[in-house]
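Please build the complete structure, drawing on both the sequences and the hints.
2 protein chains.
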Amino acid sequence: MKKYNFNAGPSILPREVIENTAKQCLDFNGSGLSLMEISHRAKDFQPVVDEAVALIKELLQIPEGYSVLFLGGGASLEFCMVPYNFLIKKAAYLNTGTWSKKAIKEAKLFGEVVEVASSAESNFTYIPKGWSCPTDVDYLHVTTNNTIFGTEIRTDLDVPVPMIADMSSDIFSRPVDVSKYDCIYAGAQKNLAMAGVTLVIVKDEKLGRAPRQIPTMLDYRTHVEKGSMFNTPPVVPIYCALETLRWLKNNGGLEAMDKLAHERAEILYGEIDRNKLFRGTVKEEDRSLMNICFVMNDEYAELEKPFLEYAMSKGMVGIKGHRSVGGFRASCYNAQTIEGVNALVQCMKEFEASH
Amino acid sequence: MKKYNFNAGPSILPREVIENTAKQCLDFNGSGLSLMEISHRAKDFQPVVDEAVALIKELLQIPEGYSVLFLGGGASLEFCMVPYNFLIKKAAYLNTGTWSKKAIKEAKLFGEVVEVASSAESNFTYIPKGWSCPTDVDYLHVTTNNTIFGTEIRTDLDVPVPMIADMSSDIFSRPVDVSKYDCIYAGAQKNLAMAGVTLVIVKDEKLGRAPRQIPTMLDYRTHVEKGSMFNTPPVVPIYCALETLRWLKNNGGLEAMDKLAHERAEILYGEIDRNKLFRGTVKEEDRSLMNICFVMNDEYAELEKPFLEYAMSKGMVGIKGHRSVGGFRASCYNAQTIEGVNALVQCMKEFEASH
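Taken in order, these protein sequences are the chains called A and B.
What the first sequence shows, in UniProt numbering, is residues 1 to 355, in sequence order.
What the second sequence shows, in UniProt numbering, is residues 1 to 355, in sequence order.
Keep in mind the hints are simulated off the structure, nothing from the lab.
Each residue gets a CB set at the ideal place from its N, CA and C atoms; glycine is no exception.
Take the hints with a grain of salt, since some may be wrong.
Where chain A lies over chain B, by a calculated footprint (3+ residues, C-beta under 8 Å) [said to hold, decoys possible]:
#	stretch
1	1-13
2	65-77
3	100-110
4	188-199
5	209-220
6	227-241
DSS-like mimics (lysine-lysine), calculated; alpha carbons at most 27 Å apart, straight line [to be verified]:
#	chain 1	residue 1	chain 2	residue 2
7	B	Lys43	A	Lys226
8	A	Lys314	A	Lys3
9	B	Lys276	B	Lys3
10	A	Lys57	A	Lys259
11	B	Lys276	A	Lys108
12	B	Lys3	A	Lys23
13	B	Lys226	A	Lys320
14	B	Lys2	A	Lys108
15	A	Lys57	A	Lys108
16	A	Lys226	B	Lys320
17	B	Lys276	A	Lys226
18	A	Lys102	A	Lys259
19	B	Lys23	A	Lys314
20	B	Lys276	B	Lys320
21	A	Lys226	A	Lys283
22	B	Lys102	A	Lys43
23	B	Lys226	A	Lys102
24	A	Lys102	B	Lys249
25	A	Lys108	B	Lys305
26	A	Lys2	B	Lys43
27	A	Lys23	B	Lys108
28	B	Lys43	A	Lys43
29	A	Lys102	B	Lys43
30	B	Lys305	A	Lys43
31	B	Lys43	A	Lys305
32	B	Lys23	B	Lys3
33	B	Lys2	A	Lys23
Right under this line is the structure:
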């Protein structure tokens, strides 16, 4: 039976990305060696990094003065690298859920943190509005998409200071005005590649200002100077990213991804709102296009497990909701197809008809 | 033409490891999903981590009281994580080359560092002997194998304090008395897996004693408590490690690897010492079994490039020496075959006969 992958991360990748990467794992560029066992200094690998960086700059239309890095350690490591490198005295953070809270915790080790707003009191079912950002902070940190709670900030905010954004789970799903950010970071395992590499975009002129000694590997300058080759980079995950970036470009780039994201979301949220069994968990205007969270309506609460089992029996994978929210979560990253979303909607309709 | 992979890292892996990993990248355990796109929380992935940890404990005969972790970021990140977690006041470091120097540099950010000995004055062509280790240090740090200079400490030293070892390039090539170490770390890309994961073995009772706040991701306790699942781990590299660990066990474990390492080294160093064109660069008793470094004898210096080209034409890959040493480096990790070593020796003999 065909499987539909709604995992929150690591998550669905385009089939051609998977097949091309697996093929190179058997024989890289006809070299007789596996992609897993080539040197990162091999003359065939530098072009992989160069092309990936060029495609990222092209897709995101990154202005001059920014560096694009591939690092190890995951976005969670960036939670401390960001303040290590950018927090001079005081930073502002918008608290929209689990990932923001983790980022705030690390920043507090390095300086004063102002929480500009939070939706914690409602279990993060909306994105706070009407707050103002202080002008005397080094940056405002935002988590653009919340995989767990299913909210998303799908615009580049207007604030009086540079932003730093964790875009782990919605990068490459829409055009971004990079000039508004001093740093954008993203774990690869949603819209970019297999797990094991983190994309970081930094504004070069803002580096080296923080008043502290930074361990070499945590200093973005180290990686800027060495073109992500200071130490052995995660070769296979970077190659996988390159394949995804080629796929992104060949499939219309970020405007096409944005359009597709809206189409998927309209179909699925439409069914959630129509179907008597289900309801969305997030304030409508803040609904994520990437992680679509829903629960059983109260009168059908006992059908949660039966629906999960029914959907799984029809090939749906990874739709169990995070324990902080419960219910269901259908992650619809770039590689998610309309066919996949329709298959899930079909399950919801059939289950409604039989109950 | 058959290629023989002598890369220093990322480096040769057993063919069955490559093929099995590539196969799972197309369809993981018959799930219909790629290993690249499964959730690390999927019920099929926890057994991968569990089996890998169990095999590491079995192969290295790790005593009770140690945790085995899979982290991102590379061994270079461990250079700062080690003092962050273990340096209370003063630490000793043995300086045997590039990697030791990098580790020392990071440790100095956290406390007093005693360099117990160094072979820097001879460009690290030997392992210093006859030094003593102070008893008032928190640990002695050693780099057991030096990929660049081709020296190796192939025994567990007798010192009056716990050791911490960077075993990136010779782990799993011999039995180790883990009880002598508070921490052992190793980037995977030599004897364990594709690049992108770092193995760390820590003595649990020694954690949490350092007098500083540690960023969450840099605190080994975070990863011990969460079984390497605090954040998304590098799923595919960890799976690749599991395949290598199975291969290690099926091929006789660490005693068999040790024997094979000696056999390969005897063949290749034997030829280097016999062949009029070449000489080794390292003091005989300190020669690495993993990275075999040699140069042209002075009177044949002009043949360096021609020999490199000749060897490459015969299928040898990655034998150019590191720029700090020049000449040649044939890396002979666990997966290197006697056939591969003999093929290189054959090149050396043929080249000698024709010059």
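- [ ] Give me the numbers of the hints this structure contradicts, sorted from smallest to largest.
- [x] The structure conflicts with hints 7, 11, 14, 15, 17, 18, 21, 24, 25, 27, 28, although it agrees with all the remaining ones.
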